[in-house]
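All chains, full assembly: derive it from the sequences and hints.
Protein chains in written order, with our numbering: chain A, 1 to 197; chain B, 1001 to 1197; chain C, 2001 to 2269.
Treat the hints as calculated values from the structure; they're not laboratory data.
Computed from a predicted model, the values in this text were never measured in an experiment.
Each residue gets a CB set at the ideal place from its N, CA and C atoms; glycine is no exception.
It cannot be assumed that every hint is accurate.
Claimed, not checked - Just some of the chain A residues that point at chain B, by a computed CB distance under 8 Å:
| hint | residue |
| --- | --- |
| 1 | 13 |
| 2 | 53 |
| 3 | 56 |
| 4 | 68 |
| 5 | 70 |
| 6 | 72 |
| 7 | 73 |
Said to hold, decoys possible - Think about it this way: if two alpha-carbon atoms lie no more than 20 Å apart in a straight line, the pair counts; the simulated SDA-like pairs of lysine to any residue are:
| hint | chain 1 | residue 1 | chain 2 | residue 2 |
| --- | --- | --- | --- | --- |
| 8 | B | 1116 | C | 2220 |
| 9 | A | 73 | B | 1131 |
| 10 | A | 73 | B | 1006 |
| 11 | B | 1131 | B | 1146 |
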Amino acid sequence: MSGRAEQLRLVEALLFAVAEPIGQEALARHLDEAADIAGLLRELAESYAGRGVNLVRLAGGWTFRTAPDLADKLRVERPVARKLSRAAVETLAVIAYHQPVTRAEIEQIRGVALGKGTIDTLMEAGWVRPKGRRAGPGRPLLWVTTPGFLVHFGLDSLNELPGLDELRAAGLLELTPFILPEQAGEKDAEPEVRIEP
Amino acid sequence: MSGRAEQLRLVEALLFAVAEPIGQEALARHLDEAADIAGLLRELAESYAGRGVNLVRLAGGWTFRTAPDLADKLRVERPVARKLSRAAVETLAVIAYHQPVTRAEIEQIRGVALGKGTIDTLMEAGWVRPKGRRAGPGRPLLWVTTPGFLVHFGLDSLNELPGLDELRAAGLLELTPFILPEQAGEKDAEPEVRIEP
Amino acid sequence: MTEATPHPPAPRVPPSRSEQLVLELDGYEGPIDLLLTLAREQKVDLGKISILALADQYLAFIARQRSLSLEIAADYLVMAAWLAYLKSRLLLPQPPQDEEPSGIELAAQLEHRLRLLEAMQIAGGRLMARPRTGQDVFLRGAPEGLAVVPVPVYELALYELLRAYGDGRRRTEAAVLTIEPAEFYSMDDALSRLARFIGRVPNWRELASFLPRELRGELFRRSALAATFAATLELARRGRVELRQDRSFGPIYLRSFAPAAAQGLGAAA
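What follows is the structure in structure tokens.
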């Protein structure tokens, strides 16, 4: 292999292995005095142009950097477990049982105004989505559950959600005397405004 | 630019962005399902062969590293690693070739008690670790090598240990109990029978 | 490549031939290692060495050390004793009904141990001779890393969903029962309130002064005014109070009917 090719290999290896951008003087210490370092760097930079990794000048030295246009793909997604607020769970339930339903109707059914982020959170979870608008004044958005909602809760269809009578029979509509639900569950949500009739 | 060229760029950037070897499955998460990852890696490895940086398989994954023949010219960049004692080298070899192996078996093969610091040194280097216990009296700890061992010694897997096949053929990887003079090396070792609750 | 062996160090002696020997012994990784070194001096393949000659060499080596009054680690002496035993088994004919392994079996075992140790010594050397990462070859020195994008995952069981729906329904139903009746002041409320004042109001007083003091909003105030007015009409009809209004939309005044009649009515009630 020619001397110049060997020099190119060495410069490539040095630039790859060092932790910081490396200047021409520092490179010179590893090469023959006669080496044309500027020329070697130019040649190397050209051979990496348009590739996944580029040779760039940074902080007065030279270093390899991944190509900027690939930044979006050089990411790893990491699942982070989150808990839904009480208000979000209840809103999801109302949408599931009353869909398609407007925001105002959800508020009417729950008796409290919806916090700002509640529906956003449910959309982020992939469980609800807007679908069409109700005819009438203001043409409000209608909310429905998604197929992801059915998958998450292991339901084949919305018909599998227990009806009111079944809920009552299962004890899910019974009064539990010592808990005031509106205070117990919702303190982590933003304050909700009671609606006056 | 064609899809394959883009995929090559992305694989190159991914491998540059991470210092540890990356497995094919991990690479696949960043690419289209249809991508021929093995083919892409082969093509990339070929294009880097003979250069200052090579694409190699290490510890079951893929990684770029500097070409081995440049070692002399690169070494000045790093402090010289502490030299391992002869006992440590032999102990590492016994663990690597006979794993999983107990402390008593290491002593049996070497015919001498293990010094206190020997396994410590190997653990500190990140090359060996305890993994499980051998069923039987005293339930002694078993020692194995780590992925860091493979990376440090440039091995893709334990099957690449030098001379493994010849040793196996010569029957030197089976540990048969010795009748005498076993006690020679072992009497100043710490008692091997540890009573576990 | 030396390390402190776990054996007691040999005593220091003045520079001489004996020190050379001490250092030599100190340099071995135990008796097997010493045996292996001696075997290598026979310069033949381990399979062809003479175990008998090897035992002699070892015993001579140890004897030489002892003749120099050097302390020899116990494990080297144990090995010497065992080799002397092996020698006798190899040289003397085996007695009949001897359960112990023959000299040839023992020699084969020793040979196996020597080969095993030699194999590991060679393997260790070959490992160390490989290009070593971080020393001879280098991984990426400045890895940029991969950006981590957190993806929220929400956990919710069907039971929690149904429970929340049930709780919500219950809350809105309960509100109708408990809050709404309290929003109005009924005529019965007004009658029972006025009953406390009848007989104790000899002079004219404004109707408004009999309204409840609680401030519960406009709706409640107006229902209280209406209920109290209706109640005073009822009381006037029964002859319990007198009412007076001086002009249209003017204030309404109220007093107990008459002290004597009121007492009589009070006693009757």
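Notebook entry, point to check: Can the restraint linking residue 1116 (chain B) and residue 2220 (chain C) be considered satisfied, given a maximum Cα separation of 20 Å?
Noted result: Between residue 1116 (chain B) and residue 2220 (chain C) the Cα gap is close to 88 Å, so the pair fails against 20 Å, i.e. violated.
Notebook entry, point to check: Regarding the pair residue 1131 (chain B) and residue 1146 (chain B), is the alpha-carbon distance no greater than 20 Å?
Noted result: OK: residue 1131 (chain B) and residue 1146 (chain B) at ~10 Å, within 20 Å.
Check: Are the Cα positions of residue 73 (chain A) and residue 1006 (chain B) separated by 20 Å at most?
Finding: 11 Å, holds
Note to self: Hinted pair, alpha-carbon criterion (20 Å max): residue 73 (chain A), residue 1131 (chain B). Please report holds or violated.
What the structure shows: Given that 20 Å is the threshold and the Cα spacing comes to 37 Å, the pair is violated.
Checklist line | Interface hint status, residue 56 (chain A) versus chain B (Cβ within 8 Å) | finding: 13 Å, violated
Margin query: So, as I understand it, the hint says residue 53 (chain A) touches chain B; can you test that by seeing if any CB pair is closer than 8 Å?
Written below: 5 Å, holds
Checklist line | Agreement of hint residue 70 (chain A) with chain B interface, Cβ distance less than 8 Å | finding: Holds, about 5 Å.
Note to self: Less than 8 Å between beta-carbons is the criterion; does residue 73 (chain A) satisfy it with respect to chain B?
What the structure shows: 6 Å, holds
Notebook entry, point to check: Per the CB criterion, is residue 68 (chain A) less than 8 Å away from chain B?
Noted result: 10 Å, violated
Next item on the list: Return the status of the interface hint for residue 72 (chain A): holds when the least beta-carbon distance to chain B is below 8 Å, violated otherwise.
Entry: 10 Å, violated
Margin query: Take the shortest C-beta to C-beta distance between residue 13 (chain A) and chain B; is it under 8 Å?
Written below: Constraint on residue 13 (chain A) satisfied, holds at 4 Å.
Hint check: violations occur at hints 3, 4, 6, 8, 9; the rest are consistent with the structure.
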